[in-house]
Amino acid sequence: AQSVSQHNHHVILSEAASLELGCNYSYGGTVNLFWYVQYPGQHLQLLLKYFSGDPLVKGIKGFEAEFIKSKFSFNLRKPSVQWSDTAEYFCAVNRPDSWGKLQFGSGTQVVVTP
Amino acid sequence: GAVVSQHPSRVICKSGTSVKIECRSLDFQATTMFWYRQFPKQSLMLMATSNEGSKATYEQGVEKDKFLINHASLTLSTLTVTSAHPEDSSFYICSARDELSGANVLTFGAGSRLTVL
Numbered sequence: 001a002q003s004v005s006q007h008n009h010h011v012i013l014s015e016a017a018s019l020e021l022g023c024n025y026s027y028g029g030t031v032n033l034f035w036y037v038q039y040p041g042q043h044l045q046l047l048l049k050y051f052s053g054d055p056l057v058k059g060i061k062g063f064e065a066e067f068i069k070s071k072f073s074f075n076l077r078k079p080s081v082q083w084s085d086t087a088e089y090f091c092a093v094n095r096p097d098s099w100g101k102l103q104f105g106s107g108t109q110v111v112v113t114p
Numbered sequence: 001g002a003v004v005s006q007h008p009s010r011v012i013c014k015s016g017t018s019v020k021i022e023c024r025s026l027d028f029q030a031t032t033m034f035w036y037r038q039f040p041k042q043s044l045m046l047m048a049t050s051n052e053g054s055k056a057t058y059e060q061g062v063e064k065d066k067f068l069i070n071h072a073s074l075t076l077s078t079l080t081v082t083s084a085h086p087e088d089s090s091f092y093i094c095s096a097r098d099e100l101s102g103a104n105v106l107t108f109g110a111g112s113r114l115t116v117l
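Taken in order, these protein sequences are the chains called A and B.
Residue numbering for the first sequence follows our numbering, starting at 1 and increasing by one per position.
Residue numbering for the second sequence follows our numbering, starting at 1 and increasing by one per position.
For the record, the hints were derived by calculation from the structure and aren't laboratory data.
Heads up, a few of these hints could be off.
Said to hold, decoys possible - As a list, the in silico BS3-like pairs of lysine-lysine whose alpha-carbon atoms are at most 27 Å apart:
#1 71(A) / 49(A)
#2 41(B) / 78(A)
#3 101(A) / 71(A)
#4 66(B) / 101(A)
#5 41(B) / 101(A)
#6 41(B) / 61(A)
#7 20(B) / 66(B)
#8 64(B) / 101(A)
Computed from a prediction, not measured in an experiment: that's the story for all the values here.
Turn these sequences into a full structure, and let the hints steer you where they fit.
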């Protein structure tokens, strides 16, 4: 069965530090990849997505992610975090023929301290 | 951009009662909507796909008689938790895509937190 793994459940870091969140998936075929963010008390918002093309994807709020097919990975990065980046981050995967049926990772709670 | 609205945002009910949750696409039409469920400190799990004008399709392990889905119009899908029990307490989230926009991404509602006493 297809699965999505996020390695870190909780991350605490200071403002201006760099952030990298790992995401691996198990499905061997073509996939669409997403990172969503959920700020406290708010709904899920799309940070970025990868369907095809350049494996380095830039999203909103200074986030980027790199798709490495050989490693089945789609790690999220931000060079310098802000306090407002405190949120829960979810990696998600779906097959192109099942675009609405997302398989989510377990999420990573990121806390940025001033 | 596309907005998905859910109502109610929170509901508390007694065991054995039924609860209806609405999901509306506010500024776009959606022939398909998706219902997810999120347990505390866990990830979102797809429950079912709501299809306008036809029956919903349920993921494996989801009881269709427990979770009734009706997609009566292009902007409204409802999830009814029938004869709710404490184990049904969860966060229910719907999502939809603005199909006319061509963007192949889902917009999520803010979720509905159900607590069954």
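Of the hints stated earlier, which fail here? Violated: none.
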